[in-house]
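Participant: Take a look at the letters that make up each chain.
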Amino acid sequence: MFRSVDRIPVGPAPEQPPAAPVRPWALRRMAPYLRTVNAGIVATGIAPATQIGVGPDGEAITAKHRRSNVATEGKTATSTGDGDKPGLDEDHAQDTEQD
Amino acid sequence: MSEPRPVLVVTQPDDLTADLVIEQLNQRCVPIVRFDTADFPHALTLHARIDSTGLHGILATPSRNARLDAVRSLYYRRPRGFTFTGLDEQDARFATLQARYGLGGVLASLPGCLYVNHPRAIADAEFKPAQLTVAAEVGFTIPATLITNSPDNAREFTAQYAPIVYKPLRTAPYQRDGRSLTIWVEEVDPAELDEQIAGTAHLFQARVAAEAFLRVTAIGDRVFCVRIDSGDQLDWRYDYDALAYTAVDPPPGLADLVAAYLKRFGLVFGCFDFALRPDGGPVFLECNPNGQWRRLEDETGLPMTAALADLLERGTS
Chain A
1 MFRSVDRIPV GPAPEQPPAA PVRPWALRRM APYLRTVNAG IVATGIAPAT QIGVGPDGEA
61 ITAKHRRSNV ATEGKTATST GDGDKPGLDE DHAQDTEQD
Chain B
100 MSEPRPVLVV TQPDDLTADL VIEQLNQRCV PIVRFDTADF PHALTLHARI DSTGLHGILA
160 TPSRNARLDA VRSLYYRRPR GFTFTGLDEQ DARFATLQAR YGLGGVLASL PGCLYVNHPR
220 AIADAEFKPA QLTVAAEVGF TIPATLITNS PDNAREFTAQ YAPIVYKPLR TAPYQRDGRS
280 LTIWVEEVDP AELDEQIAGT AHLFQARVAA EAFLRVTAIG DRVFCVRIDS GDQLDWRYDY
340 DALAYTAVDP PPGLADLVAA YLKRFGLVFG CFDFALRPDG GPVFLECNPN GQWRRLEDET
400 GLPMTAALAD LLERGTS
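So the protein sequences, as listed, match chains A and B. For what it's worth, the working numbering labels the leading residue of the first sequence as 1, then goes sequentially. For what it's worth, the working numbering labels the leading residue of the second sequence as 100, then goes sequentially.
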């Protein structure tokens, strides 16, 4: 998520780079997520009075979350954590933005 | 100063974790000013003055104003990057850099503000080689680790420490055929190691014989320790549904090492992962300075949201 890359300051890349390196070994280990879940309700704005995220209908995401928790209790593949949305896995794939 | 000092929450609109913390602060009547850096400049107005008395001025959001010399604490969560649609590439690059160094530079320089965490401390603490080096220095047990682009070095390391695992030094968005991919922590078959190791930096690590994992969330001087039993999963993030969570006391001495580690990086919040050896000894794996904890609270009832609200409410006082 964060552009921590500039904590190692470097100038522009050389204009005449050396010969193309081999493809990194690690790329062959890229694998899919176990399951995909619907990212569900997404906040698109902030309620002025509370500063809490609200959906397009103006309802607080926290309220929707509580209802959703009750409705899906005991079922699998809910998203009570932030960690199981493919591509949004904030523990595992935090650096989703590049300079 | 008569009016209460606000807490700044810097994050995107879609951030349920921040919402829950803000709810707590609202109940305590602590003023909040929330914004996303991506809202600059169209929906944020920056007015920062710096003179011999320091930094002053106002940051105005569509709904609130924050006095820059009166911010109690800043909760740095998940802000998004700047965009300047409609500008050509080099104009946009110029505008982005001005925003980044201007708004970003002001947000990083607020006087008397408690940062949870400071963005530069987050950035520094995200480098795995730095994490492991500091962890070893403060006294954690760490797994033998190799960072190399030498196939021969990788083979020698494997011969010495097998079984080993590979971990990316940094994850990156990666898609194939429209499907998101990532790299899970898995054992490396020595026969797989080849000349492509030379393609970039690779991190290999001795696999820790673990019977479970510990996720230790440090919030200020409080430490919340959760044991995660993951069955036979080596990477517990692969299948959250297979996990069992138990609130436990931290192993003796762990909290002091956690405090020393945070101090070294200038952090007041951190999510530490340990492998728990069968003898009960924790082995440091990594520390995410902006990690997730809400699921752990949901599963164990540990009062982490309240602890974060306490920290932000208290500020530097």
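Treat the hints with care, as some may be off.
[Unchecked claim] Restraint ranges, calculated between C-beta atoms of paired labels, are given here:
1) 415(B) to 28(A): 14 to 24 Å
2) 59(A) to 290(B): 26 to 36 Å
3) 11(A) to 229(B): 47 to 57 Å
4) 144(B) to 11(A): 27 to 37 Å
[Claimed, not checked] List of simulated lysine to any residue pairs, SDA-like, C-alpha gap at most 20 Å:
5) 64(A) to 227(B)
6) 362(B) to 27(A)
7) 362(B) to 64(A)
8) 64(A) to 237(B)
9) 227(B) to 7(A)
10) 362(B) to 7(A)
11) 227(B) to 24(A)
12) 362(B) to 237(B)
13) 64(A) to 126(B)
14) 64(A) to 398(B)
Just so you know, these hints were derived from the structure itself, not from any lab. Quick caveat, the model's predicted, so the values are computed rather than measured. Backbone N, C-alpha and C define an ideal beta-carbon position, used for all residues, glycine too.
Participant: Of the hints stated earlier, which fail here?
Facilitator: Those not satisfied are hints 1, 2, 3, 5, 6, 7 and 8.
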